[in-house]
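Protein chains: 2
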Amino acid sequence: MNGAMSEAALEALVARFGTRIETGEAVRAQHGAGDSWHAAAAPDAVLFVDSTAEVSQALAICHEHGVPVVAFGHGSSLEGQVQAVRGGLCLDLSRMDKVLRVSQGDMDCSVECGVTRQALNEDLRATGLFLPIDLGAHATVGGMASTRASGTMTVRHGTMRDLVMGLTVVLPDGEVVQTGGRARKSSAGYDLTGLFIGAEGTLGIITELTLKLAGIPETAKAGMYAFASVDEATACVVEALQCGLCLNRIELLDGLQMAAINAWNGTAHAETATLMVDLAGGEVQVETDLEMFGALAEGHGATAHPCETPEAYSAMWALRHSALYAARGLRPGCKSLSTDVCVPVTELPTIIAAIGAEIEAAGIVAPMHGHVGDGNFHLVMLFDPEEPEEQETVRALNHRLVSMALEHGGTATGEHGVGLGKKVFMEAQHGPALGLMKRIKQAVDPKGILNPGKIFDL
Amino acid sequence: MNGAMSEAALEALVARFGTRIETGEAVRAQHGAGDSWHAAAAPDAVLFVDSTAEVSQALAICHEHGVPVVAFGHGSSLEGQVQAVRGGLCLDLSRMDKVLRVSQGDMDCSVECGVTRQALNEDLRATGLFLPIDLGAHATVGGMASTRASGTMTVRHGTMRDLVMGLTVVLPDGEVVQTGGRARKSSAGYDLTGLFIGAEGTLGIITELTLKLAGIPETAKAGMYAFASVDEATACVVEALQCGLCLNRIELLDGLQMAAINAWNGTAHAETATLMVDLAGGEVQVETDLEMFGALAEGHGATAHPCETPEAYSAMWALRHSALYAARGLRPGCKSLSTDVCVPVTELPTIIAAIGAEIEAAGIVAPMHGHVGDGNFHLVMLFDPEEPEEQETVRALNHRLVSMALEHGGTATGEHGVGLGKKVFMEAQHGPALGLMKRIKQAVDPKGILNPGKIFDL
Numbered sequence: 001m002n003g004a005m006s007e008a009a010l011e012a013l014v015a016r017f018g019t020r021i022e023t024g025e026a027v028r029a030q031h032g033a034g035d036s037w038h039a040a041a042a043p044d045a046v047l048f049v050d051s052t053a054e055v056s057q058a059l060a061i062c063h064e065h066g067v068p069v070v071a072f073g074h075g076s077s078l079e080g081q082v083q084a085v086r087g088g089l090c091l092d093l094s095r096m097d098k099v100l101r102v103s104q105g106d107m108d109c110s111v112e113c114g115v116t117r118q119a120l121n122e123d124l125r126a127t128g129l130f131l132p133i134d135l136g137a138h139a140t141v142g143g144m145a146s147t148r149a150s151g152t153m154t155v156r157h158g159t160m161r162d163l164v165m166g167l168t169v170v171l172p173d174g175e176v177v178q179t180g181g182r183a184r185k186s187s188a189g190y191d192l193t194g195l196f197i198g199a200e201g202t203l204g205i206i207t208e209l210t211l212k213l214a215g216i217p218e219t220a221k222a223g224m225y226a227f228a229s230v231d232e233a234t235a236c237v238v239e240a241l242q243c244g245l246c247l248n249r250i251e252l253l254d255g256l257q258m259a260a261i262n263a264w265n266g267t268a269h270a271e272t273a274t275l276m277v278d279l280a281g282g283e284v285q286v287e288t289d290l291e292m293f294g295a296l297a298e299g300h301g302a303t304a305h306p307c308e309t310p311e312a313y314s315a316m317w318a319l320r321h322s323a324l325y326a327a328r329g330l331r332p333g334c335k336s337l338s339t340d341v342c343v344p345v346t347e348l349p350t351i352i353a354a355i356g357a358e359i360e361a362a363g364i365v366a367p368m369h370g371h372v373g374d375g376n377f378h379l380v381m382l383f384d385p386e387e388p389e390e391q392e393t394v395r396a397l398n399h400r401l402v403s404m405a406l407e408h409g410g411t412a413t414g415e416h417g418v419g420l421g422k423k424v425f426m427e428a429q430h431g432p433a434l435g436l437m438k439r440i441k442q443a444v445d446p447k448g449i450l451n452p453g454k455i456f457d458l
Numbered sequence: 001m002n003g004a005m006s007e008a009a010l011e012a013l014v015a016r017f018g019t020r021i022e023t024g025e026a027v028r029a030q031h032g033a034g035d036s037w038h039a040a041a042a043p044d045a046v047l048f049v050d051s052t053a054e055v056s057q058a059l060a061i062c063h064e065h066g067v068p069v070v071a072f073g074h075g076s077s078l079e080g081q082v083q084a085v086r087g088g089l090c091l092d093l094s095r096m097d098k099v100l101r102v103s104q105g106d107m108d109c110s111v112e113c114g115v116t117r118q119a120l121n122e123d124l125r126a127t128g129l130f131l132p133i134d135l136g137a138h139a140t141v142g143g144m145a146s147t148r149a150s151g152t153m154t155v156r157h158g159t160m161r162d163l164v165m166g167l168t169v170v171l172p173d174g175e176v177v178q179t180g181g182r183a184r185k186s187s188a189g190y191d192l193t194g195l196f197i198g199a200e201g202t203l204g205i206i207t208e209l210t211l212k213l214a215g216i217p218e219t220a221k222a223g224m225y226a227f228a229s230v231d232e233a234t235a236c237v238v239e240a241l242q243c244g245l246c247l248n249r250i251e252l253l254d255g256l257q258m259a260a261i262n263a264w265n266g267t268a269h270a271e272t273a274t275l276m277v278d279l280a281g282g283e284v285q286v287e288t289d290l291e292m293f294g295a296l297a298e299g300h301g302a303t304a305h306p307c308e309t310p311e312a313y314s315a316m317w318a319l320r321h322s323a324l325y326a327a328r329g330l331r332p333g334c335k336s337l338s339t340d341v342c343v344p345v346t347e348l349p350t351i352i353a354a355i356g357a358e359i360e361a362a363g364i365v366a367p368m369h370g371h372v373g374d375g376n377f378h379l380v381m382l383f384d385p386e387e388p389e390e391q392e393t394v395r396a397l398n399h400r401l402v403s404m405a406l407e408h409g410g411t412a413t414g415e416h417g418v419g420l421g422k423k424v425f426m427e428a429q430h431g432p433a434l435g436l437m438k439r440i441k442q443a444v445d446p447k448g449i450l451n452p453g454k455i456f457d458l
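As given, the protein sequences belong to chains P and V, one line each in that order.
For what it's worth, the UniProt record's numbering labels the leading residue of the first sequence as 1, then goes sequentially.
For what it's worth, the UniProt record's numbering labels the leading residue of the second sequence as 1, then goes sequentially.
Quick caveat, the hints were computed from the structure, so don't treat them as lab data.
It is possible that some hints are incorrect.
Listed next, the stretches of chain P that the computed footprint assigns to chain V, with coverage defined by at least 3 CB atoms under 8 Å from CB atoms of chain V [stated by the list, open to error]:
| id | segment |
| --- | --- |
| 1 | 16 to 25 |
| 2 | 87 to 93 |
| 3 | 133 to 142 |
| 4 | 169 to 181 |
| 5 | 241 to 248 |
| 6 | 294 to 307 |
Straight line, CA to CA, 25 Å or less: simulated SDA-like cross-link-like pairs of lysine to any residue [claimed, not checked]:
| id | chain 1 | residue 1 | chain 2 | residue 2 |
| --- | --- | --- | --- | --- |
| 7 | V | 98 | V | 41 |
| 8 | V | 447 | P | 423 |
| 9 | V | 335 | V | 241 |
| 10 | P | 447 | V | 41 |
| 11 | V | 212 | P | 242 |
| 12 | V | 212 | P | 392 |
| 13 | P | 438 | V | 385 |
| 14 | P | 212 | V | 238 |
| 15 | V | 438 | P | 423 |
| 16 | P | 423 | P | 392 |
| 17 | V | 335 | V | 391 |
| 18 | P | 423 | V | 168 |
| 19 | V | 438 | V | 41 |
| 20 | P | 98 | V | 408 |
| 21 | V | 423 | P | 423 |
| 22 | P | 423 | V | 434 |
| 23 | P | 438 | V | 434 |
| 24 | V | 335 | V | 291 |
| 25 | V | 438 | V | 238 |
Sample of chain P residues at the chain V side, in silico, Cβ under 8 Å [unchecked claim]:
| id | residue |
| --- | --- |
| 26 | 10 |
| 27 | 12 |
| 28 | 102 |
| 29 | 105 |
| 30 | 318 |
| 31 | 344 |
| 32 | 437 |
On a predicted model such as this, the values are computed, not experimentally measured, just so you know.
Glycine residues also receive a C-beta, built at the ideal position from the N, C-alpha and C atoms.
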């Protein structure tokens, strides 16, 4: 134990939860890291909770004893959000995975926080509805809300901020509050729902969510478009956005990322800046818009490869979803710093070119892919963990990337969150507004027990 | 003066702003009421500000002296948001009306808070872009953000919560903070932008906004559909939403509202539950979807009146926008309590029938219209200001309406905000979460100078 959990605290927890308070090394280690390049930090104990009431009871005890509490869903966070850097109790919420209610007519549902988006969509299949968030990761909706996750369909459906209508949240002292509700909109007071989304478990523990759902579209068609440069691809995206095409996904991959995908999947696509585009809606609309997109792409010199069959459609999106693993496959045995920034779409060419030049000059392998309709892109920077200098170079490049994003009106992270990795940029990004965030944190969690050391230090 | 502004405070304000601190009765009276049924309450003084720096200086002085501050845009708020119930200084922001920046490529702009949506859209005309918020009122974007306004196009474009990407806000002590930015999404810390939207000027004064814009659609077509009942109309809306039609607006008006519109405009439309529907997008898509909507409406026994010409289209939407004035015209000389609630769409028939029966039993004239795609509707309850009993009946009906909305999973207000009128319902709606709102208010505005007495009492 690192001292965060006193004997008295542990006794109180064991008095309530018995042997369910687990302190074995394996389970602690398993809960001390997400899918990130940050050093692991195990909690002192782990509790698999089954209900909001249990979360409330656990928090009340931890609050009384000043024990740090970290929420854990599926452990897929990329910026060290689940690392128990000050020890304490990890609340594993993955067993709270019930779908509580689905309303087909209102196109919404209420779920427990631990359900994964995959399991929810499986559950919804018969209704013709789905949760329109398409991430690379296997993630719980509670974790997705807590990091304000988004993914490939944001260009059409928005982020978790747009899809969550209401929450059940347990506050640091164990009080349970309901925020928002089932109305599609509300002007009744402060947007507490929005405040907990993206707070990374530092203000409260989300235990239930009410979510907007979307109808599965009548048709979806897709295609791959190879451009001579990122500039041409981005210019094409800007035009497509302005035309109001029924875009469902519009993803950009650079030449190196395409090369990685080819190597990983045994394919032979052009290894140049590529757009993977998905249009969804009614049959006629999709046909019309796909043709229009084709014309726009041609105007920018692209070579078009429309997916002619449902199998080709699925195969193309499988390639896209292999991007992270394919990137890591470029240097087996290496680790990866997976970073993301988001900028106004028209700033993409400048910033991608500038960071690309620095990456090349530094001799680092770092393929790029992104949700270009939102101006959000990822670099997977590979480094040899045995080479401290290379790791330092990669860190420095990440700093350069974020600095450039901020200079160009963007944000340090579009969808991965702050966690440990982006904390250092919060002062530069927010200025005096960071002080306001801290005042809110102190008002909601005066003892500072919830996920301490994340987003900012007090 | 009602004592909120001390001599010393007034002297300090005059020392900085000279004769621009206006204390004449006329200007004070003009700033003491919006477009609401609530009693007017004039501020002690009014200052027309020209810049964020001036707002900051005025707040610093008021903060030092404990003077209440109320922000004033165009005075169109419906729930008493601008009433200076504890006196103090009114900051009139209407001169801060500059459009600061428009990016066609990124489909966004930055503006000062005092620009009206009408003036902004006029300014944007040449760009092919517009701010897709269509209210009945002539309102400033700062006021619209502060009440989380929405209107007829929410079903497609969302509310101000969805359209504001960033803010400049002056905090109670005069500190200026920037929230959000120009990135389409961000996971970098707490959603402060969302916190100020809908806060009705109780947490800070919004002085600048960065807004998402939408492309003016290639085509829009509309039609009016007369149904035998609200139930049939609502059932048709639910189906249209599930089909994912390219709905731009879908508005419901009851028989009495249609009668009021006929009388006001000299038209002769069926005086029964009516949907006014607007579809927008590409030519082919709009044609296809309009046909499909026609088939759905026919399935629910509706009589269709599509708008065959652009003139007919404009005329129909002019009728819709006359709804409030037409409603008030039913009893000339009377006042109106204009209330709004929002519920899950499938709950609409139940609640509309139930409140309709109570209204009828009480002998009150109260036409209904609403943004049915969101489950949001308005009742304009007319009362004779000389008849205290009638006024009491109308208040009681408003209470019944909100109680029913809350019982059916809805909210006390979908878009008008809380102000003075809906305060009494906040405990019932939010429960313990209301306490959290108060903690946030106290953390951000410990002296309680910003728009005191609104949303909740401390």
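Hints and how they fare:
As drawn, the segment 16 to 25 of chain P meets chain V at 0 residues by the rule of a beta-carbon pair under 8 Å; below three, the given contact is violated. Under a criterion of three residues with beta carbons nearer than 8 Å to beta carbons of chain V, the stated coverage of the segment 87 to 93 of chain P fails, only 0 such residues being counted. With a threshold of 8 Å between beta carbons, the proposed coverage of the segment 133 to 142 of chain P by chain V is violated, since 0 of its residues qualify and at least three are required. Coverage of the segment 169 to 181 of chain P by chain V holds in this model, with 7 residues showing a Cβ closer than 8 Å to a Cβ of that chain against a need of three.
By the rule of at least three residues with a Cβ nearer than 8 Å to a Cβ of chain V, the coverage given for the segment 241 to 248 of chain P holds, with 5 such residues. Given a C-beta distance limit of less than 8 Å, the hint that chain V covers the segment 294 to 307 of chain P is violated, as 0 residues qualify and 3 are needed. A threshold of 25 Å between alpha carbons decides the hint, and for residue 98/V with residue 41/V the separation of about 29 Å lies outside it, so the pair is violated. Pair hint residue 447/V plus residue 423/P does not hold up; C-alpha atoms about 31 Å apart against a cutoff of 25 Å.
Proximity of residue 335/V to residue 241/V is assessed by CA-CA distance (about 36 Å); at most 25 Å being required, the pair is judged violated. As the CA atoms of residue 447/P and residue 41/V are separated by approximately 41 Å, the hinted pair breaks the 25 Å bound. As the CA atoms of residue 212/V and residue 242/P are separated by approximately 12 Å, the hinted pair is consistent with the 25 Å bound. The hinted pair formed by residue 212/V and residue 392/P fails the criterion: a straight-line CA distance of about 38 Å is larger than 25 Å.
Distance hint between residue 438/P and residue 385/V is unfulfilled; the C-alpha atoms sit about 49 Å from each other, more than 25 Å. For the hint linking residue 212/P to residue 238/V, the alpha-carbon distance of about 14 Å falls within 25 Å, and the restraint holds. Proposed proximity of residue 438/V and residue 423/P is contradicted: the alpha carbons are some 28 Å apart, above 25 Å. Between residue 423/P and residue 392/P, the direct Cα distance comes to roughly 17 Å. Compliance with the 25 Å bound is thereby established for this hinted pair.
Note on residue 335/V and residue 391/V: the hinted pairing holds, with a Cα-Cα distance of about 9 Å set against a maximum of 25 Å. Distance hint between residue 423/P and residue 168/V is fulfilled; the C-alpha atoms sit about 22 Å from each other, no more than 25 Å. Straight-line distance between C-alpha atoms of residue 438/V and residue 41/V comes to about 24 Å, which keeps the hinted pair within the 25 Å bound. For the suggested pair residue 98/P and residue 408/V, the alpha carbons sit about 23 Å apart, so the restraint of at most 25 Å is met.
Under the criterion of a C-alpha separation no larger than 25 Å, the hint pairing residue 423/V with residue 423/P is inconsistent with the structure, at around 38 Å. With a CA separation close to 30 Å, the supplied pair residue 423/P and residue 434/V exceeds the 25 Å bound. Simply put, residue 438/P and residue 434/V have alpha-carbon atoms about 20 Å apart, close enough for the 25 Å limit, and the pair holds. Distance restraint check for residue 335/V and residue 291/V: the Cα-Cα separation of roughly 41 Å exceeds the 25 Å cut-off, and the hinted pair is therefore not satisfied.
Proximity of residue 438/V to residue 238/V is assessed by CA-CA distance (about 37 Å); at most 25 Å being required, the pair is judged violated. Because the smallest distance between the Cβ of residue 10/P and any Cβ of chain V comes to about 29 Å, over 8 Å, the interface hint for this residue is violated. The restraint placing residue 12/P at the interface with chain V is violated, with a minimum CB-CB distance near 24 Å, outside the 8 Å limit. With a cut of 8 Å, the hint placing residue 102/P at the interface with chain V is violated, because the nearest CB-to-CB distance is about 12 Å.
With a cut of 8 Å, the hint placing residue 105/P at the interface with chain V holds, because the nearest CB-to-CB distance is about 4 Å. Checking residue 318/P against chain V: minimum C-beta separation of about 25 Å lies over 8 Å; hint violated. Among the interface hints, the one on residue 344/P holds; its C-beta lies about 4 Å from the nearest C-beta in chain V, closer than the 8 Å criterion. Given the 8 Å rule on beta carbons, the hint for residue 437/P holds: about 5 Å separates it from the nearest Cβ of chain V.
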